[in-house]
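Here is how the chains run, residue by residue.
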Amino acid sequence: MSEGASFTRGRPPLGDRLVEAALQVAGAVSVFTTAGILMVLGKETFAFFSEVSFAQFFFDTQWTPLFADKHFGIWPLLCGTMLTSLIAVVVGLPFGLLSAIYLSEFASPRFRQVAKPALELLAGVPTVVFGYFALVIITPALQVFMPELSGFNALSAGLVMGLMIVPLISSLSEDALWAVPRGLREGAWALGAGKVETILNVVLPGARSGLFAAFTLAVSRAIGETMIVAIAAGQQPRLTFDPRSPVETMTAYIVQISMGDVPVDTLEYRTIFAVGASLFVLTFGLNLIGRRFVPRAQRSR
Amino acid sequence: MSPLFRHHRATGARMERVFSTICGLAVWIPLIILAVLLVVGLSEGVSRIGVDFLTSYPSRKWEEAGILPALVGSVCLLVLTGLIALPLGVGAAVYLEEYGQRGRFARFIELNIANLAGVPSVIYGLLGLGVFVRALGMGRSLLAGACTLALLVMPVVVIVTREALRTVPDAIREGALALGASRWQAIRQVVLPMAMPGILTGSILAMSRAIGETAPLVVVGALTYVTFLPDGIDAPFTALPIQIFNWVSRPQKGFLINAAAAILVLLVTLLSLNLSAILLRNRLQQRMQG
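Listed in order, the protein sequences are those of chains L and W.
If you count the first sequence from 1, position 184 lands on 184 in the numbering used here, and the numbers rise without skipping.
If you count the second sequence from 1, position 194 lands on 194 in the numbering used here, and the numbers rise without skipping.
Everything labelled a hint here was simulated from the structure, so no lab data went into it.
None of the hints are false.
For each label pair, taking beta carbons as the anchor points, the in silico distance ranges come out as:
1) L:F111 with W:T227: 46 to 52 angstroms
2) L:P263 with W:E64: 29 to 35 angstroms
3) W:I29 with L:P13: 57 to 63 angstroms
4) L:F145 with W:E64: 34 to 40 angstroms
5) L:L288 with W:Y225: 37 to 43 angstroms
6) L:Q143 with W:F108: 47 to 53 angstroms
7) L:E120 with W:V39: 16 to 22 angstroms
8) L:L184 with W:L279: 40 to 46 angstroms
9) W:G180 with L:A21: 22 to 28 angstroms
10) W:E63 with L:S108: 46 to 52 angstroms
11) W:I278 with L:F145: 38 to 44 angstroms
12) L:P117 with W:M15: 27 to 33 angstroms
Heads up, simulated SDA-like pairs for lysine to any residue below, C-alpha to C-alpha not over 20 angstroms straight-line:
13) L:K43 with L:V31
14) L:K195 with W:L25
15) W:K253 with L:I137
16) L:K195 with W:R17
17) L:K116 with W:L31
18) L:K195 with L:A107
Covered stretches of chain W, as calculated for chain L (at least 3 residues, CB under 8 angstroms):
19) 20–34
20) 237–250
Cβ atoms here follow ideal geometry from the backbone N, Cα and C, with glycine treated the same way.
Kindly produce the complete structure, drawing on both the sequences and the hints.
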């Protein structure tokens with residue numbers, strides 16, 4: 001039996017130091033992961049931009065790297081990403097926010113205990129399954145009302161993605177609402193405000209930074225979502241804000257090229273890293289902003 | 001009480017009922033939609049499920065196609081991913097929670113993990129392609145796929161393990177140290193066993209995330225038409241979500257039915273993983289209290 005580490009001034013036993021070193025290495029893997037992402041994306045993106053100018057990437061309005069007449073303008077892919085994400089957030093935000101209000105202000109503890117894991121189910125369904133639903137159920141259902149809706153479209157993908165992000169928005173919003181001190185509510189009640197008035201005039205304004213965080217992180221999740229859009233939104237990069245038409249998102253493009261037989265170390269191959277780097281910068285920025293606004297008490301979770 | 005005031009109270013109560021009903025609907029509607037999608041979308045697949053479907057190889061004829069290589073591939077991936085991600089994730093969490101709390105290095109790692117948790121999974125695919133498939137020369141193999149998934153779920157494992165470790169009261173650590181245990185002895189013999197229910201549950205949940213991941217495996221180079229079983233960790237592979245994606249992408253109706261059946265298999269697997277996590281946690285918690 002070794003001596004009690006906390007009572008002796010001497011160094012901990014050798015075994016202990018080895019274990020600590022090993023655990024430290026395990027922790028360092030996360031640093032390697034980040035470094036790996038930056039290096040892989042950086043290296044291939046650098047090679048990409050040695051052949052394609054920044055001006056072309058940021059100002060051209062067409063994305064046709066696989067055609068004879070090659071264009072490398074990111075905007076069509078960015079536009080597809082924005083369109084599907086916008087639809088998702090427009091759908092997901094009201095459901096997420098209102099359900100958070102219900103769970104935090106109205107529901108009994110027992111209902112919360114059942115409803116929260118039930119909502120989490122939505123986040124647990126693999127996205128390839130949601131993609132199937134969007135393509136096989138939502139699109140045909142919508143086509144009954146909108147005959148001009150094409151078989152692949154931004155609308156169905158966005159709607160289903162909205163469903164997928166409800167639990168994320170709900171749980172982040174609920175954290176934000178919880179973080180509003182109870183005293184503020186009681187003060188409002190004491191002044192004669194009803195429950196609804198208190199929620200609308202006191203709780204929601206008090207939680208706004210946390211709610212903003214929920215919104216930002218949800219947008220980031222939607223932008224990075226891949227399989228739903230790869231299956232249901234189509235593979236046609238085009239500069240449009242018409243949700244009925246097929247579009248291609250940045251993520252779907254990466255999948256499309258990966259499924260094909262593009263030889264490595266060609267310009268076409270490098271496009272997926274350039275697109276991936278753009279995606280990374282976008283989501284990383286949003287996450288950074290979002291996490292700054294997560295309420296303090298919850299930040300460690 | 002003036003009539004006016006009473007009137008105000010009444011409308012207030014009605015408004016509250018209306019408002020809380022609307023909010024309550026926001027909980028129910030997404031769940032109902034999910035239920036409808038599951039029933040409407042997958043009922044056709046039920047008839048396809050059978051021994052033949054589970055034990056056949058893919059085929060150009062949808063009636064003969066099965067999911068054997070995908071199923072075997074998914075199981076292999078799951079085992080390998082677990083072998084890599086769980087020790088690393090739990091180790092990192094123990095380091096952060098029990099050793100490095102105040103250190104600068106620990107805080108740097110913490111920040112890193114928080115950032116990694118928000119990186120889209122398709123980016124992990126690009127990482128796997130660049131590092132494991134190409135730089136480390138693993139090729140488009142099971143091992144490369146598992147390493148990629150392991151890095152993807154590691155932040156989840158770290159986060160849930162830390163939460164579990166935090167539920168162990170400090171007095172218990174101090175008690176162990178006071179009895180002469182070294183720090184690692186206290187962790188291994190006292191803290192980890194107490195945190196085990198939480199760690200196991202969280203790990204199973206992390207693994208169930210890995211089993212449904214599609215995009216990173218597509219990018220790493222999982223095959224979509226495999227007529228053999230993997231014979232080692234360096235073998236090419238496919239997985240259940242990849243097979244589903246492949247069938248969904250085909251125009252023929254029959255393959256969509258196959259996709260529905262494969263989705264049912266995937267969801268049942270996920271559900272049983274989650275159920276086993278809950279049961280395991282309950283069992284272990286009882287034993288700890290007993």
